[in-house]
Structures are given as structure tokens and as C-alpha cells.
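Residue numbers (the working numbering), protein chains in the order written: chain A, 70 to 412; chain B, 70 to 412; chain C, 70 to 412; chain D, 70 to 412.
Watch out, some of these pointers could steer you wrong.
[Stated by the list, open to error] Here are the simulated lysine-lysine pairs, DSSO-like style, with alpha carbons at most 30 Å apart:
hint	chain 1	residue 1	chain 2	residue 2
1	C	K125	B	K318
2	C	K318	B	K114
3	B	K125	C	K323
4	A	K239	B	K318
5	D	K338	C	K312
6	A	K312	B	K318
7	C	K183	D	K312
8	B	K312	A	K289
9	B	K312	A	K314
10	C	K289	D	K314
11	D	K318	C	K289
12	B	K314	A	K289
13	C	K338	B	K114
14	C	K314	D	K314
15	D	K338	A	K318
16	C	K186	D	K338
17	C	K239	D	K125
18	B	K182	A	K314
19	D	K289	C	K314
20	C	K312	D	K289
21	B	K182	A	K338
22	D	K114	A	K338
23	D	K318	C	K183
24	A	K314	B	K239
None of these hints come from the bench; they were simulated from the model.
There are 4 protein chains.
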Amino acid sequence: MNVVEKIKVSIVGASGYAGGELLRLLLNHPNVEINQLTCQQNQGKRVSMIHPNLRKRFEGVFVDKSELSETDFLFLATPHGIMNKELPQYQKLAKKIVDLSADYRLNNADDYKKWYKFEHANPELLKESVYGIPELHREEIKKASLVAGPGCGATTMIFSLWPLREFTEKAIIDLKVGSSASGAAFSMASHHPERTNAVRPYSPFLHRHSAEAEQETGIKVDVTAHAIQMVRGILGTTHLTLKEKLSEKDVWQKFREAYSDEQFVRIVKDREGVYRLPEPKIVAGTNFVDIGFTIDPRSGRVIVFTAIDNLCRGSAGQGIQSMNLMMGFEESLGLNDLGLHPV
Amino acid sequence: MNVVEKIKVSIVGASGYAGGELLRLLLNHPNVEINQLTCQQNQGKRVSMIHPNLRKRFEGVFVDKSELSETDFLFLATPHGIMNKELPQYQKLAKKIVDLSADYRLNNADDYKKWYKFEHANPELLKESVYGIPELHREEIKKASLVAGPGCGATTMIFSLWPLREFTEKAIIDLKVGSSASGAAFSMASHHPERTNAVRPYSPFLHRHSAEAEQETGIKVDVTAHAIQMVRGILGTTHLTLKEKLSEKDVWQKFREAYSDEQFVRIVKDREGVYRLPEPKIVAGTNFVDIGFTIDPRSGRVIVFTAIDNLCRGSAGQGIQSMNLMMGFEESLGLNDLGLHPV
Amino acid sequence: MNVVEKIKVSIVGASGYAGGELLRLLLNHPNVEINQLTCQQNQGKRVSMIHPNLRKRFEGVFVDKSELSETDFLFLATPHGIMNKELPQYQKLAKKIVDLSADYRLNNADDYKKWYKFEHANPELLKESVYGIPELHREEIKKASLVAGPGCGATTMIFSLWPLREFTEKAIIDLKVGSSASGAAFSMASHHPERTNAVRPYSPFLHRHSAEAEQETGIKVDVTAHAIQMVRGILGTTHLTLKEKLSEKDVWQKFREAYSDEQFVRIVKDREGVYRLPEPKIVAGTNFVDIGFTIDPRSGRVIVFTAIDNLCRGSAGQGIQSMNLMMGFEESLGLNDLGLHPV
Amino acid sequence: MNVVEKIKVSIVGASGYAGGELLRLLLNHPNVEINQLTCQQNQGKRVSMIHPNLRKRFEGVFVDKSELSETDFLFLATPHGIMNKELPQYQKLAKKIVDLSADYRLNNADDYKKWYKFEHANPELLKESVYGIPELHREEIKKASLVAGPGCGATTMIFSLWPLREFTEKAIIDLKVGSSASGAAFSMASHHPERTNAVRPYSPFLHRHSAEAEQETGIKVDVTAHAIQMVRGILGTTHLTLKEKLSEKDVWQKFREAYSDEQFVRIVKDREGVYRLPEPKIVAGTNFVDIGFTIDPRSGRVIVFTAIDNLCRGSAGQGIQSMNLMMGFEESLGLNDLGLHPV
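Isolated chain A, as found in the complex (with noise of 0.2 Å):
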């Protein structure tokens, strides 16, 4: 039989939630070996107890980012405002990395000072660096030596607006959103009995999704985001007014050229059935994109609704999607799972 050559791969801030989703799908990656995993809190600390789903398939323990040698690929899962200053001590140990912050997503540093309201320290980086939706820039990836992970609400915004982005300049965007899009990092606001049942408007946070959105559609977005009672998910719902008035038969058309031969997007848009157009619950775990839409008939107005993941189509399931790209393996390996139902 053949053998298959693992590479060996390391993640620093391994201890987070994009963190843990990178392992569970690296885990069963068949190319894959894990190799380490830093945490600065965690140090010596079991990764099982971190992660409780991984208990008997991994026992390695955290590291020191100290200790990190070189490595076959790296994953950078620390928060926002990191790998800023730090990200090219690590290239110093890895050809090929993956950054899931948002440190190296807007393409120059005035946005970045814009939205991020500070300098950025690694401007030059910032032209280096692809944005890691594979689907708009796959082959850009292909020969990319550092790949920024978008935003899981900008994946979320970006998918929905792509099919029709020539026919608007402008869209409102409603985000339902899962907890656990706000981190490991816990508060009042997260404390259980307060953010349970929540139907909570919040929005400072993905205003910065929308930077991404808006550099690679060229379209404005206004986004609104709302904190529901759902742990991984998020589901937008776009309004677009559009420049001339689309068929619903045009706008599949538009949906199928632009989505028909990706085997991560899929058009949900039924007739009948419970779930006939799409739902967060049903790719949790997966790296699916589900996207469907109506049409007002009266005002003409498409609505857009996009399904995904947030820690993994829109973080670690992203984010190893284009590592395999990068690496030259079959863009899906390790990405195969279906999502639960009922769940």
C-alpha cells in the first residue's frame, strides 16, 4: 500500500475555540501530523481538558510558544492584534502559514488603521498576504506563502453578496449569530443565564467583518449583528435593492455560475420541506457554505440567506481549506464530514 508523507503541522493559541475546531478536523486529517501546540495560559496543561472532545484520539500537552521549532506548516489561532508585531519571528519557522486573525485580512494599512484603529507594524505584509476564501482566490492560495483566514461574519457576508455583486452598490445585512463567535474569553455578557434565550442587537465587532466584505465585493455594507441562543452558527440574512429588477430565473442563474461547481457551496432553495432554504444547525461541523434566496415580488428585493459554521467554515475549516491548497493536496481532504440531523 502506499504510504501517504504527513506533513507536520503546529498551532499557536491552540487553547481557543478556532484552536480546538483546527485540531479536531487536523486529527482526522489523512496528510496530517499534529505536531505542536502553544498556549501561553495552559502550558503542561493536558489539551483534553481544554478540549473534552479529543479525550483518547489526543493526550500531547500545550507548549510554550518558546519552545515552538521548525514545522511543515503553522497555524496562527492567537487573538486579533497579535501576529501584527509577531508574525515574522513565525515565519522564521514555517514556508507556509495560515493566520486566523485579522491581523493580515484588509489589503493595505490605511483600512487597517481605519477599522482596527491603530498602525499596523507589518505593513508590507499585508500585500504578501491572500484572503483565504478559496472560492475567490484559489489560485492566488495555491502559490501563497502566508494566507489570512476571513471573519466568520465576512465569509458569511462575502458568500451572500458575490452571485449578484454587479447588480448592487449597497446592502443591509442581519446577522443571527452563536455564541461562541465571541471566544473562549468569558464575561457577564456570556455568563449563562444572562446570555441564554438572548435576542441581543450588538454590532461593534463585525462593523470590522464588514471591512472585509466590502474590499473584496466592492459593494457597502450595513451589517446589524444579533447574538441569539445558538453556541456555533450564524445565519445572514441580506437585503439586497438591486440596480435593474433580476427573475428569480436570472438570479439562479447568477447563483449557479457562481457557486454550481464548488463542492463547499451549496444552493438551498426548496419548494417544500421543513428546511427548504438554509439553517445554521445543519452544517455545524461541516465547511459547507448553504445559500439560498427569495424575492419579494412586490418590491423586487432579493433576500440572501447564508448558513455557515462560524468556527469552521468561517475559521478553522476555512482556514484548512487552504492549507491543503497550499500544500498541493486535494482541496476537500479532511473536510469530508456531513453535519448532524436532527441536532
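Start from chain A and add chains B, C and D according to the hints.
Using the frame of chain A, we list chains B, C and D on its own:
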């Protein structure tokens, strides 16, 4: 001590969710005595078997509608389409009626046919009935013999649109709705394993509610409704593009003008705190309308957030508020419950 | 009209969940006027920022405990271990006190030390304080100046054991508990993504509650508590192996003897229907104890199911019930709310 | 490269929850090709309309059972009581069968009649069928042509009892069960507004599962089952009074002897951490049995906690584990998914 002379109140269709909510509230109303409760499916059954929250406080049984006798006040809580035809026979039993169904909400028969797809059987009563939002029609309700209880979605929309109605002609409204809004009839879509964790776009039902909102405010509304993981409650997110740019101070003033004197409307807009904007869980079980807003500094878009309990303010509570006015009682009688926190 | 002379009530530790629940109930209590509310962390802050359900009904602020003045009645709602030492100074401010913490629940200092691991600072007050379950200690509470509000878990256990206490010496109790029972202090375990969907065995805390149950019933209880997906509520499942086999009729009789005359205790045991046995969601926000049982025909084991709201009957509501008795009011004053359905 | 010759697998009753779970897993099984899927209600319908998680990966349709042809392996996933009669006709179509219904779990016809209240139509097949827990019956399963998939509750109980089966004669088991365990048929009890937030004692169904547990372990079990707010998952809390007192070290040793070599059984018992004991959400979608214990120092009672996914390990996953053994495949083939965290 002064003895209050209580009025006798009957409910037609008392086994549904609106009927149960009426009972819960009326049992603690100081001026009300429950008279008869009808239900076609459950006649002879103990009411508290269907509404288990009423145990030990109310141990009556459901009767057939043919047994209904004259009463001081009558609530109609049957499904849409029944009172359209049958209302006149109930007018013989009570001089004052609140109908919680959709049948008398629209002012003219043409609109009714357009939205409900069949002829109204008693079009002349559409003129007689008063649309039951006390904050808009207080004086008419006081004199009315027939009040039409507004839809829960419509109530949310109208309160959202009312303060700025002169500054806009069009609104996009995104509703997040709990499962009780679909009533007590079960189906595959409401089966717990399927409905739980849903973030499910749906629309037909609430298009109808937009007819009420357009009638009352004159604003054209494009509504998109989503079923989310919640039993009681609606959050309406209303995106308003204004004809002229208003400052935050101006918008505040319009909201204050509209609602400061209203004991059941709370403007919720804080600078900090977990609950700085409205949330449905905070108003569950109450007659409050919690309403707040933000202004997108870039686009000038005003986003209004409105939270109600669909069964209380969106149906039974608002109906009792109308009853209080129709009977000359203090408007808030029996409606002083505060919501729970945490919940 | 007769004017009720209202008593002035203050709350020490009013920003926690028990404090908020006291406020919610007392604001609708006909004989009570809120006096002062203390909180060390939030002095000067508007109370409704912490308890958003109270907006527009109560707009006072928290004061420092040093500002507390004499009052007709005082509730203590501080964390366990504080009133142990500080109670005497509060007794100077009010002649009648209900302490909701664990500090005065046990009758003797040895038990206290055994279960709480440190010496009680005011052991003589343990003799003076009355254990605040009115259904067990009504006459003592009427005369008491200090009542100790029972633990929520203990309340569940005691009501479960009381009717058959003569027929058993030992019980296994399995508790299912909502997240609000752990209070307003947040941690990783209460972080929404971690706590949501939990069915999490935990125990230390409720071992302590078993001390109260053993003191009051004389039955040795082995408790296992589980945190489940719920904010408010406890269901206790009590497995009783009886000394002699009892028929269903016998057990019914014992339950009726114990509870038929109690307005807040409802025996819930139907032959059919969705809610034929007690469920915590039906009693949320109420002072009810819903209690039912089944008998395993093969083993003779009696299984008792008891549902309460941990914050209302398990803390604030039961405290107000005691206050009513201590002040000579009708026992149910301010406690007539019915729970919500559906919810 | 070596080509795997795939076996053709058909499923009878593929539209239910167990059928859907089989499909989800088999579509990623390297040695399996889906052959035919029957469903009486949905013949001709696209399978992914019923199981929306399978979209784009599987676009076949359901066929009528009369169309079923010979196949390498057959799963039966029909409701209880059907295969009792019909199994022999399916044995003509496949030499190896796993029946997930209850019909062939009990070893003799008398037990069947006692628990299921009617005569078994094929009592001789009860002797032939092997009870499908591989950890207990691995060698028999390898040789079996008919395996009976255990009940989800029974699986939970048996794993809980197995390590200490020699030290006890009797157990009290408290189950917390998700809504998918009741299947895809909807009713008032499963209507989302009624079932949500339930902590609902129910029993009849699981008494039947106790028959399996008693058959396999020889221990008499008193089971009380509760429906809680969860879609997938069971937590079993087993209270064991031992014949002789065992130390924690002794119990650890018994658990290790029973399970250390089993790749799908994880002993979960940590000193610290949020997930120091088993929880069903951590195993959702997996074939793992997570099992832990605590010892009450006062009473010596051992409490065993066991978490499984009722649809995966409690039905489809365990069925595939048996299929792997029956077909001579590696036992874990197609079952390597890790659960999600957070979730």
C-alpha cells in the same frame, strides 16, 4: 372596604395559546370574574390539563360554544377565518368584544381579500371595529364595541415605525420569532428535534402582518421573518432609510414624543450594560413594548429594535388593555407583572 | 377607601439574583414600599441596569451598606459566610429579618462547622433563627424575628420527603438544576458556549443542602445534582425505598394530608396529558411547589417528583411568604403570580 | 494503489432518525456503497429533503420496500413490531443483517411477550440473533448473520453496570434523554413550545430497555427517565449500592479492566476542569461511550455517569460497529468522528 363589582368575562377558543394567556392574566385581574370558556376539541376537560400553569387556581372545564350564554365581555380567540363569518352571533351575547384573530384588523374588505385570499363575510363590521393598539387609538377604543386585536408581528412593526413615520416611506424589517407565535397546532416543522436550534427563514404568515403595519403607519414594509430558538417573544429589527438625515438627539426627541407618557412602552437605549438594547426575554409574560435604536454613523440608517411577548403584548395582554379602556377601568389593571430576570 | 399602611423594606445585597427576584416581587406587593438597596460593587448605579426587567417601574440606585438606615423589614441576600459574622449589626436596623444565605439554616454550630468547614461566629443566633419553610414552621415563623431562608435544593428535597417521612430512613435524590442557582458570578463553567446544553454532574454545593434536608426530615439523603440546560428551576427526583409497602391509595392519602390545605403546594399527578407530572418550567416565576409521585409496581419504590423555581420558591418568594407571616399579613400577599404557558 | 472493493448496503426504513444517521455515517465509510433506501411514506422523494445534512453528497431517492433487491448488507431501521413478523423475507435478500428495532434484542419469547405485550412471530430467530454491543459480544458478532441493535437507554445502562456487575444486584438509574430518542413522529408532547425547556419524567418506554439491561448484566434495574432540553444524547446516572464497600482504587481497577482496551469507551474522571465527568454534548455525533464515577464517602454509594449519543452509539453507530465486525473490517471503520466543542 369597598367591594369591586366584577364583570363576567367569557372566552371563545380558550384552549389555544392566546386563550390560555388571557386566562392567566384575567385570573389576577381585580375587576374580572371568569364566566365561560369554550373549546370544541376539549369540551368537558379540565382547563388546567391544557394550561397546566393554572392548576389549583382555576379548576373549571371547557364548554361547547353552543352552551355560551350572555356575558359582560367576550374575548374571541379562535383561528383566523372563523369570526369573519360567525362574529354577528357572538355580538348577541356581549355588547363589548375583543377579537384576537386577524378577521377585523383591516379597515376595508378589498385589503382583506388581497391579503387573506377570500371575501370577507361581514365587510360592514370592518368599519365598526377599532384596531386595538391603545397607544394609537385610545379614544376610539374607549367607545368601541368591537376591537380587533393586532397581530404580534404587526404590533412589533407598528411600534417600530411610529415615531419616525413622517421621515420615511419604506422600511426593511427583520423579525426573530418564537415558536408559540405559530400556535398550538403541531407539525413536522414544530417537532422539537426539527424546530430546536432553528434559525429558519419563513415569510408567508408575516406578509399578512405587514398589511396591518402599512395601514396604520402609511409606510411600505418589506418583512423577513425568522423562527429562532425561543418559545415566547419577537425582536423586530427595523432598518430605516430616512428622507432627511436626523441627529441622534432628533431621533431621541421623536421617540420621547411618541412614548414618554406611555406606561407600557419603555425606551431602552443605554451606553453600557448587557441589556442596553431591547430583548424579548426581558418582556416575556408582560405587556411591555421595549424599544431602542441606533444610528449607523456612516449611512445615516436608523435601526430600531423592538421587543414584545407575542402572546402577551402581541395578543392577550394588549386585548386586556383594550378591555380596560372599553370598560372604563384603569388601563393597566391586571397588567402590572414585571418580567423575569434572569431567564 | 381604606388605605394600607405600607412597611418599608430594605435589601442588603440587592444586585444578585435573589435580590433582584425580591425586588420584582416586592414592587407588586400591596403592603410594601422599597426603602434602600445595598450593593458593594454597584453603588450609585441605577438598579434597572443590573435588573433590566424593572425598568420604568423602579429607577432607584444602589447604596453602600454603610448608608443603610433603620427599616421595618430587612432582607439579607449576601453570599454565604458574610452574615455569619455581620448579622448582629443588621439586627440593630430592623426588628424583623429574613436572611436568604445559608448562615442561619442549621440549628447548631457543630453541624455548621461540619458542612461549612469553619466556626460559626454567632452560634447563639442559630437557636433563635427559624428555618423558613412556612408549611413546616408556620407558627414559629409568625413569632420569629430572624428567619433563615432555606436553600433551593433543600426546599426541593424537604417537600419531596415530608409526606412519607415516617416510612423511610434513606433516600436517593437526583436533582436537575438551572444555571441561575449558581448565582451571578461568572466563570468558565458558566460561559455560555460551555454551559449551554450541559447535562453536567456536580455535587459539592448540594451536599450542603442535604444537611438542611436531614435536619428537617430525619431522613438520610444521598444527593446527586446535575446542571442542565435551564436558567430557572429545579426538578428533584427522589427514589424512596419504604420500610413497608404502601399502596398508591395510601401514598395519595399521605400527600393529601401533608399538602391539601397548602395554597402553594400542588399535587400534580394526572393519568394523561403532557404535563401529568411536575415540571420546573410551569412554576418559573411563582412560589408554587409542584409535587407528584409514581410507584414502581415491581420494586415498590416510590419516586417523588418536585419542581420549584430556585429563585422564587427556592429563595425570594419563600422569603416573602415568611415576611408575610412575620408581619401578620395574609400569607400569599404579593405571591399570586401564575407561571407562563407555553414557555 | 490498492482498490477497496466496496460492499453494497441497503437500509429499510431510511427516513427515520436512525436511518438518517446510518446514511450520514455510511456515506463516509471507505468500504461501503449505498445501494437502496426504502421508505413507505416518501417513496420517490429526494432523500436529502428529509435529511437535509446530506445535500450535495447524496441525491438518491427513497424506494418502496417491494423494490428492494439483493444486497451485501442490510440495515433494518423500522419501528418496533414490524421485523418481528417480516424479518424472514429480508433474510432472503441479505446474508448479514443488523436490525436496529427492539424485535430481536431479547433472548427468549417469554421475555418478549412480558415486556412488549404480544407474541413474537419468529421466536426461533431470537436464539439466532446476537445482542449488538461489540464490547460484550465481539466474537459472537463476528460470526453472526443477524445482530439486534440495542436500545439507546439499554446501551447506557449496560455500560454503566458492566464493570461492577459482580458487586451489586440492584441499581437505580436516572436517565436524562434528548428529544430525538422519541423518533421522528410528532405529537403535542413533542410540539416545540411544549417540549422546549422540559424536565419531564416519563417511563413506559424505558422500562422496556431495562429488560435488555437485566438480560445482559443480571442486575435488577429500576429506571426513571426524564425528557430534557436536548435533541441528541443521554446521560445515565446510576446509583449502585454495593454488596461490599470498594475503595476508589478498586473501582478504578474494575473500570480499567472493563474498558481500557476499548477504543470507543473513554473513562472520564478528572480532578478539575469543566468537563471532569461525562456529558452527552461532548459525544454527540460520535460512537463514544464516555463513562465516569464518583463514590459517596458517607454511604459508599457508587454513582456511575454514562453519556452517549442515542442516535449514534445508541443506534446507527453501534450498528455499523457490528457491521464492521460481521464483514471482517477494522472495527472502527467509518466511526472516527470526534464530537464538537464548544457545542
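Next item on the list: Go through the numbered hints given earlier and state which of them the structure violates, listing their numbers in rising order.
Entry: Numbers 5, 6, 15, 17 - these are the hints that the structure violates, sorted from lowest upward.
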